Amino acid sequence: AQSVTQLDSHVSVSEGTPVLLRCNYSSSYSPSLFWYVQHPNKGLQLLLKYTSAATLVKGINGFEAEFKKSETSFHLTKPSAHMSDAAEYFCVVRRSGFQKLVFGTGTRLLVSP
Amino acid sequence: DVKVTQSSRYLVKRTGEKVFLECVQDMDHENMFWYRQDPGLGLRLIYFSYDVKMKEKGDIPEGYSVSREKKERFSLILESASTNQTSMYLCASSSPPTYEQYFGPGTRLTVT
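Note that the protein sequences, when read in sequence, are chains A and B. Residue 58 is where the first sequence starts when you use the numbering used here, and the numbers rise one by one after that. Residue 66 is where the second sequence starts when you use the numbering used here, and the numbers rise one by one after that.
Chain A on its own, in the form it takes in the complex (with noise of 0.2 Å):
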């Protein structure tokens, strides 16, 4: 089975400095990853995904996570906050060839001036 599990439930960093938003998966399949954003009272949408070609992959507003087979991991990053990443932050798997997704508990992200 599929399943994924953030480290930390919650999140503070300066603005301006760099973002680390830590996901371990488990699948006994070659996954698809995904990571979800949720703005305050917003839905969820899609930062980027993996989906087993290039093990860097870059989403939208300057994020990016590296895909790591080898540590089970899929960790967010961005190099420098910005005040408007404030939000919650979901690491998703998907066992290929099907259509359900495994949310993680969610990270929730505070960014101070």
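These are computed hints drawn from the structure, not numbers from a lab. As the structure is a prediction and not an experimental result, all values here were calculated from the model. Be careful, since some hints might not be right.
What the hints assert, rightly or not - Taking lysine to aspartate or glutamate pairs in the EDC-like style, the calculated list, with each CA pair at most 20 Å apart, reads:
hint: 1; chain 1: A; residue 1: Lys157; chain 2: B; residue 2: Asp103
hint: 2; chain 1: A; residue 1: Lys157; chain 2: B; residue 2: Asp124
hint: 3; chain 1: A; residue 1: Lys99; chain 2: B; residue 2: Asp124
Model the placement of chain B on the given structure of chain A, informed by the hints.
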């Protein structure tokens, strides 16, 4: 742009009422999903549908049913609302080959 719309942003219902949550997508997607989102639990799948009139239970189907009479519309039904169904409900749609899911804005349901 893919658009997924949900009939209400906020809803307040009484215990025992029958509740309908509607979701419409405009991209001719085959798959549609209903999730509930609770703090600390992430998103949990209630039901999904991979075709008109086809449905499958997700991880937490108890107390819910669904209807998909047209491809673009997927309804979530709470037959007899209870206070433990107070939550944020999110609808999504997807299609092959990417199966990337597109989400609606959510309905915050409060059952009193």
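Comparing the hints with the structure gives:
1. In summary, the hint linking lysine 157/A to aspartate 103/B is supported, as the alpha carbons are separated by about 19 Å, within the 20 Å threshold.
2. Distance restraint check for lysine 157/A and aspartate 124/B: the Cα-Cα separation of roughly 11 Å lies within the 20 Å cut-off, and the hinted pair is therefore satisfied.
3. Annotation: proposed proximity of lysine 99/A to aspartate 124/B is violated, straight-line Cα distance about 23 Å (limit 20 Å).
Hint compliance for this structure: hint 3 is the single one not met.
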